[in-house]
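Q: Starting from the given sequences, assemble the full structure and let the hints guide the process.
The listed protein sequences derive, respectively, from chains A and B.
Each residue of the first sequence is one higher than the one before, counting from 31 in our numbering.
Each residue of the second sequence is one higher than the one before, counting from 14 in our numbering.
Since the hints were derived computationally from the structure, they do not count as laboratory data.
Predicted, not measured: the structure shown is a model, and the values here were computed from it.
Some hints here could point you the wrong way.
To give an idea of the chain B side of the interface with chain A (calculated C-beta under 7 angstroms), a few residues [claimed, not checked]:
no.: 1; residue: Ser93
no.: 2; residue: Asp95
no.: 3; residue: Pro189
no.: 4; residue: Pro208
no.: 5; residue: Lys281
Note that the Cβ used here is the ideal one computed from N, Cα and C, for glycine as well.
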Amino acid sequence: MTSVTASPSADTPAPPRRAGGRGAPLSSAALGLLGIVGFLVTWELVVRSGLVEERFLPTASTVLGELRSLAGTSDFWASVRETVTTWAIGLAISAAAGVALGLVIGQSRFLRRATNSTIEFLRPIPSVALIPLASLLYGTSMQSTLLLVLYASFWQVLIQVLYGVGDVDPVASDTARSYGLGWAARVRYLVWPSALPYVMTGLRLGAAVALILTITGELIIGGGGLGTAIALANSGGATAQMYALILMTGFIGVAINLVARLVERRALRWHVSVRREEVA
Amino acid sequence: MRPTTKAAAVLASLVLLTACGGDDDAGADGPDEVTVGVIPIVDTAPIWLGKEKGFFEDEGIDLEIETTTGGAAAVPGVVSGDFDFAFGNVVSLMVGADQGLPLTFVTNGTSSAGVEPDFGAVLVPGDSPVKTPKDLAGKTVSVNNLKNIGDTTIRAAIETDGGDPEDVKFVEVPFPEAPAALANDQVDAIWVLEPFMSAALADGARAVTYNYLDMSPELDIAGYFTTTEYAGKNKDLVERFSRAMNKSLDYAGDNDQEVRDIVGTYTKIDEPTRAKMVLPVFRSEFDEASMEKLGTAAVKYGTLKNEPDLDALLP
Chain A
31 MTSVTASPSA DTPAPPRRAG GRGAPLSSAA LGLLGIVGFL VTWELVVRSG
81 LVEERFLPTA STVLGELRSL AGTSDFWASV RETVTTWAIG LAISAAAGVA
131 LGLVIGQSRF LRRATNSTIE FLRPIPSVAL IPLASLLYGT SMQSTLLLVL
181 YASFWQVLIQ VLYGVGDVDP VASDTARSYG LGWAARVRYL VWPSALPYVM
231 TGLRLGAAVA LILTITGELI IGGGGLGTAI ALANSGGATA QMYALILMTG
281 FIGVAINLVA RLVERRALRW HVSVRREEVA
Chain B
14 MRPTTKAAAV LASLVLLTAC GGDDDAGADG PDEVTVGVIP IVDTAPIWLG
64 KEKGFFEDEG IDLEIETTTG GAAAVPGVVS GDFDFAFGNV VSLMVGADQG
114 LPLTFVTNGT SSAGVEPDFG AVLVPGDSPV KTPKDLAGKT VSVNNLKNIG
164 DTTIRAAIET DGGDPEDVKF VEVPFPEAPA ALANDQVDAI WVLEPFMSAA
214 LADGARAVTY NYLDMSPELD IAGYFTTTEY AGKNKDLVER FSRAMNKSLD
264 YAGDNDQEVR DIVGTYTKID EPTRAKMVLP VFRSEFDEAS MEKLGTAAVK
314 YGTLKNEPDL DALLP
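A: Okay, structure coming up:
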């Protein structure tokens, strides 16, 4: 959990990180690509050399070929749509609830103290431990998975918002008060801008966790989506297809992360961390 | 067209009936929606086939087949009412009854192929010293679920062969992962069903026992069940469902190729594998004698505490 609390500081990177200079953005993209190619080549070699039997792990080229042929089927895209829908609904609800509750609780000393131990008790409960409860409540429907997604991503957002609200400059806060700003105005002009970098971090963490739990829920509970498709391929002995679907979940994860970063940059374009990055 | 007109006729007569008698039957204004929870495996082919053939429609049933990724969801699904019926194996239901869950079969589901090769077997690597079931003593064998139909029938096979049924260690490995566990020497033997059995045999594994067949060539392995409460409250619906399901089972039993084809629609088993794999027997009648034998074995090996009450369990 330290990474959660530490991550806001990662949003204000020190200039030396970009010391690469003008060539850095290009070479980092190239490096990223090189990493992926390296991974695929290693995979291919591990299988071809017989280190792992091909019937248990098909070669990278086989799996990519399978993914390409899957991409031509409507079933595949229906699964992708279902997974992304569950993810998006889950993240939207937990983001809204996390931000709203975080703003209210964070600004009240009394509420913060009253809820602190409860939050610290509930937060570490792994979402997957709620699978029996979810399937009793909602059976194998999408709601079951949604419950897991909500539970996991909500805390990520809430905790970040609480930290963000706690990070408001006390002098600024006192100033706002003495100028007679009301609750709503203080939230609008003071608390929200101060907390926004944290909110964005919370959303990014929540987005990743929500995807993990979406796939987990679909895989274990069923009810459709890529996770269920993976389970189906697995139980049918369609190994190449199973790995192709797993690769797809990875691609969705990358896409989500890219979008999250884009949103973060846009929302925080006034913020020192983003401005500095753009200069570099 | 014909099933629709027939359904319409059924519907019309139902409307008439309710108009006359003021019956409290809720499904009077259309076909009854019935949800059945099944695992997407070869064994559940008949219900998919029956749905395609319109057997359920003929009985005024709007059938919704819901796939669960594991068998574990079946019993909670039925008990919580998410499913009206579900597909489950005989020992799972016996265990449920043993623990006080009032469940009852409404129809048969799958039975042993009755001849070698059966559709499930205990496999060892080709060069394994294990030749017959009694050699499994002291070995580690993988099953998909502990204290269920797999270990019970395997222990019985060991004992029949003159070995010590208690001197074998079972570990849980899902069927899809079992062949890899065998290849990597994590276990000495694996229990798998089709399509994994054929694939592993083709890769050089050897069958030590077809444990279902060894228990009895007539062994019924799984069926469609519901709660006794549901069965008591919905007598007419259960009767119609059973008729449609039994028709589906007998149809599947007579039409191998159609079974192999329909399996391709709800599983990811590829065509060559489907063409080769061993199919279970599909039939509507239960074989009570073999079920009694299975129940006795389950008590003997500690899977059950008490001898199962087959009268309550069977329709």
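Q: Work down the list of hints and note, for each, if the structure agrees.
A: How the hints compare with the structure:
{"no.": "1", "hint": "Ser93", "in the structure": "6 angstroms, holds"}
{"no.": "2", "hint": "Asp95", "in the structure": "3 angstroms, holds"}
{"no.": "3", "hint": "Pro189", "in the structure": "5 angstroms, holds"}
{"no.": "4", "hint": "Pro208", "in the structure": "5 angstroms, holds"}
{"no.": "5", "hint": "Lys281", "in the structure": "3 angstroms, holds"}
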